[in-house]
Amino acid sequence: MRKLDDVAQAGQMILLMLLLFVMIFIFGNESIRSVVALSLNTVFAPIIGFGGANPLLTIMLAGIIVVFLSSFFTHVFTDWKAMGQAQEASKAFNKEITKARREGNTNRVQKLMKMQPQIMRMTTQSSGGMMKSMFFLFIFIAPIFIWLTYFLGSIVYYQYFTVPWGTGVSLFGRDGFLMSNWFFLYMLFSFLAGQLIRQSFKWISWSSWWQNIRKTIRPSAK
760 MRKLDDVAQA
770 GQMILLMLLL
780 FVMIFIFGNE
790 SIRSVVALSL
800 NTVFAPIIGF
810 GGANPLLTIM
820 LAGIIVVFLS
830 SFFTHVFTDW
840 KAMGQAQEAS
850 KAFNKEITKA
860 RREGNTNRVQ
870 KLMKMQPQIM
880 RMTTQSSGGM
890 MKSMFFLFIF
900 IAPIFIWLTY
910 FLGSIVYYQY
920 FTVPWGTGVS
930 LFGRDGFLMS
940 NWFFLYMLFS
950 FLAGQLIRQS
960 FKWISWSSWW
970 QNIRKTIRPS
980 AK
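Residues in the sequence shown are numbered from 760 upward in steps of one, following the working numbering.
The reader is advised that the hints may include incorrect statements.
Below, computed lysine-lysine pairings styled on DSBU-like, alpha-carbon distance capped at 35 Å [stated by the list, open to error]:
id, residue 1, residue 2
1, Lys873, Lys854
2, Lys850, Lys840
3, Lys873, Lys858
4, Lys961, Lys840
5, Lys961, Lys873
6, Lys850, Lys870
7, Lys854, Lys840
8, Lys961, Lys858
9, Lys854, Lys870
10, Lys873, Lys850
11, Lys840, Lys870
12, Lys850, Lys961
13, Lys961, Lys854
14, Lys840, Lys873
15, Lys840, Lys858
16, Lys858, Lys870
Derived by calculation from the structure, the hints in this document are not laboratory data.
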């Protein structure tokens, strides 16, 4: 059964990687990106575009939407309790095997080494949900980012903004950064919002309420 589980997990990982490769290839095509951007512009421009008059607010809201979707899919496919148990088991295993090697206890080391595949299997199974969420991230999040790049590029009159360390800062300038100023702000907004949203989802994941919902949505086979 363990070999079958390992084969199934390996096949699932290969399929996910193949799908991600296909998505990267699709979104790397300029004509496809243009179609995606124009299609989403009819949806997002009226909601968070503000006629191009407030690009900073557009960047912030787009970042919040992306982080929320990212956190949501990670939350759905990740079993945080199982991941915590796997991390604790791995930590205890490393502690014990280090102690046994330090003491020169060969028998103890051999017994622990036989347990290593089981520890690795626990870690792989607990982190497998994150790989599943990556596929949905490319489907929903990459198009939003493509639209944001297109939308900001179409702004004519509001390409400058003021920050505490400077005035008349260009959205597309690179003032001391390796990335454009608008992308730096996007990353900053996303990081701040992401900390709050991810912690909220993680707290929900540990609650008994979500565990009951999870069993209802995806009942385990017995």
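Results of checking the hints against the structure:
| no. | hint | verdict |
| --- | --- | --- |
| 1 | Lys873 to Lys854 | 16 Å, holds |
| 2 | Lys850 to Lys840 | 15 Å, holds |
| 3 | Lys873 to Lys858 | 16 Å, holds |
| 4 | Lys961 to Lys840 | 10 Å, holds |
| 5 | Lys961 to Lys873 | 33 Å, holds |
| 6 | Lys850 to Lys870 | 17 Å, holds |
| 7 | Lys854 to Lys840 | 21 Å, holds |
| 8 | Lys961 to Lys858 | 33 Å, holds |
| 9 | Lys854 to Lys870 | 14 Å, holds |
| 10 | Lys873 to Lys850 | 16 Å, holds |
| 11 | Lys840 to Lys870 | 27 Å, holds |
| 12 | Lys850 to Lys961 | 21 Å, holds |
| 13 | Lys961 to Lys854 | 27 Å, holds |
| 14 | Lys840 to Lys873 | 25 Å, holds |
| 15 | Lys840 to Lys858 | 27 Å, holds |
| 16 | Lys858 to Lys870 | 13 Å, holds |
Hint compliance for this structure: every hint is met.
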